[in-house]
Amino acid sequence: MSGTLRTIEGVNAKIKKGDAVVATAEEFIQIVDNSGLKVAAKEVDVVTTGTFGTMCSSGAFLNFGHSEPPIKMWHCWLNDVPAYRGLAAVDAYIGATAMSETQGFEYGGGHVIEDLVSGKEIQLRADAYGTDCYPRKFIETTIVLDDLNQAVLLNPRNAYSRYNAATNSTDETLYTYMGTLLPRYGNITYAGVGQLSPLYKDINFETIGIGTRIFLGGGVGYVIGEGTQHNPQNGLGTIMVRGDLKQMKSQYLKGASIYRYGTSLYVGVGIPIPIVNAKVAATAALRDKDIATNVLDYGVPSRDRPVVKKVSYAELKSGKVTINEKSVPTSPLSSLRVATEIAKTLKKWIQEASFFLSQRVEPLPTYREAKPLKVRKVEPRVRDVMTRKVITAKPEDDIKRVATVLLQRGINHLPIVDAKGKLVGIVTSWDLAKALAFKKRTLREIMTQKVVTVQEDEAIDVLAQKMARHNISGVPVIDVENRVVGIVTAEDLSKKLVRRVK
Amino acid sequence: MRLKLIYPHGEVQRPVLAEAVLELGVLINILEAAVNADKGELIVSVEADKEKLAKVIHFFQEKGVTVEKLTRILEIDRNKCVDCGACVSPCPVGAVKITPDWSVEFDEERCVGCKICVNACPVRAIKLIT
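Protein chains in written order, with our numbering: chain A, 1 to 502; chain B, 1001 to 1130.
Take the hints with a grain of salt, since some may be wrong.
Unchecked claim - One-sided and incomplete, this derived list gives chain A residues near chain B with beta-carbon spacing under 8 angstroms:
1. 179
2. 187
3. 256
4. 259
5. 330
6. 333
7. 335
8. 336
9. 337
10. 340
Worth flagging that the hints you see were computed from the coordinates, not collected in a lab.
A virtual CB, placed ideally from N, CA and C, is assigned to each residue, including glycine.
This is chain A alone, in the form it adopts within the complex (with noise of 0.2 angstroms):
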């Protein structure tokens, strides 16, 4: 093939002899920047990646061996956390987001794998409904990783090439799955690691593929197929792999509690990428400024969240981007500093000649739809839920007036509008009570202006949420130009809920 650089067969020569040329992926860009990318990929053989982030699409598949008298489990935790057990009589599944049912968001599957490969005892508990085979119903013992025949980490989908960045328009403190955001563009989070990405580095899945031997967890592992939700045409690839978890090392592999989300995984991953043509070093050159995400707005609680903006990971790296003419600060979600230190283990290892490249048997495909699940019995909105003729005062109205409508029509919240029909307020029935305590007369001294709304085409759910939220029970459905077109209260939503359970 015309423009081939080098074979897989001829790095792994040169590795045997110790004279494999290896840098790090920010090692080779310093080098493209000297020499230029075509000395470059001339002189070096391999380039070496590494990421560090929490990935939670992870997990052990662990064989425990057979107790006297057998059990075929059926429910099975580890420390309280519940392990997957729809597999033969003693194989499980430790997933990272699993929870432990004692210590909830503080502990879970994440931590289980990071305890066991520390060789810390974990407790097992399994029970079983018998059977001739399996006569025995309850087991509780404990367990480290080498009494277990298997412990393999199976990941379905790590390294994501690259991620969105996050940051929050609304007036609270939102914490997700990209960490804490603070209220009115108060900061940004970004997850990947930019230019020592394993999967950007190498960005049109040219060397990278099913049998790709890689860095896992400290220890050796595979790629085993594309990730779930690979979506290589925009970016977004994902591989598969699968370790010994008996190789591995905890640092490499840490249990995170992310707070108000849940459990998960750091997993670190390193990948080398042999430079076997002009376009693979190409993308191995590519730089922080090279690699563009979008800020996404987790404000907004829906599939399709708005990009606020679009940036590099230079930019992100800076640890300030502007939004609306104000300087935002940033910070990664990944270890930048364990992601630097894989790739030059990886490195090291190569050097060492302990790591030889492999061939890969089957390339990763470079276009999956990514497809949204579709919900096809239809569910409720809050046009279904809401009260369409809303009762609504003026805030210059006289309260004992507005008292006596509210008390007529057995309604407990009133919007308060301007002339043009535009929401301006809310007022409820407690608040009329202190009104009459404290002696004030109109609607203006006494109203709440900060009025927490839905729109009409939004689902119930994100209506309870909100009302659960704010621990309010009602809630005025307005139009983009803010009029006021309806109102929902916790009365009309559990109505429907009945109706829905039934």
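Use these hints to put chain B onto chain A, whose structure you have.
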């Protein structure tokens, strides 16, 4: 620098803090305040250089207010921290920073003890010192 100001019984009614602001022309930000029948306790942040800070402390002491320097509020357990940075941008005062080699560094002088970083830390490496 953060200071804890302990006002003895009888002194709580005097506007000592306002006097300090006016006389010394120093910016004092009240972070926490608790006043009861026995005494008053304020936690304040004072923006001043060493010399000015010494004057501020002296001023309060002269008025019978006990001053304690608060230098330690939080501690990052370096054995647990993975230097991810999840605590950095949520910090409202820039007290946690990322160094050029991508390690997380904590600046005690700037910390106001809001504790947002404690929850933001996915490996629970940040502990309050009480």
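Comparing the hints with the structure gives:
The closest approach between the C-beta of residue 179 (chain A) and any C-beta of chain B is roughly 5 angstroms, which is under the 8 angstroms cut-off, so the hint is satisfied. Of the supplied interface hints, the one on residue 187 (chain A) holds, with its beta-carbon coming within about 4 angstroms of a beta-carbon of chain B, less than 8 angstroms. For residue 256 (chain A), the interface hint holds, since its Cβ comes within 8 angstroms of a Cβ in chain B; the closest pair sits about 4 angstroms apart. At its closest, the beta carbon of residue 259 (chain A) sits 4 angstroms from a beta carbon of chain B; the interface hint therefore holds under the 8 angstroms criterion.
For residue 330 (chain A), the interface hint holds, the least distance from its beta-carbon to any beta-carbon of chain B being 6 angstroms, beneath 8 angstroms. Against a cut-off of 8 angstroms between C-beta atoms, the interface hint on residue 333 (chain A) holds, since the closest Cβ of chain B lies about 5 angstroms away. The beta carbon of residue 335 (chain A) is positioned within 8 angstroms of a beta carbon in chain B (closest approach about 4 angstroms), and the interface hint is therefore held. Residue-level restraint check for residue 336 (chain A) holds (minimum Cβ-Cβ distance to chain B is 4 angstroms; threshold 8 angstroms).
Below 8 angstroms, beta-carbon pairs count as interface contacts, and residue 337 (chain A) has one with chain B at about 4 angstroms; its hint therefore holds. Hint status for residue 340 (chain A) relative to chain B: holds, with the closest Cβ pair at about 7 angstroms, below 8 angstroms.
When each numbered hint is compared with the structure, no violation occurs for any of them.
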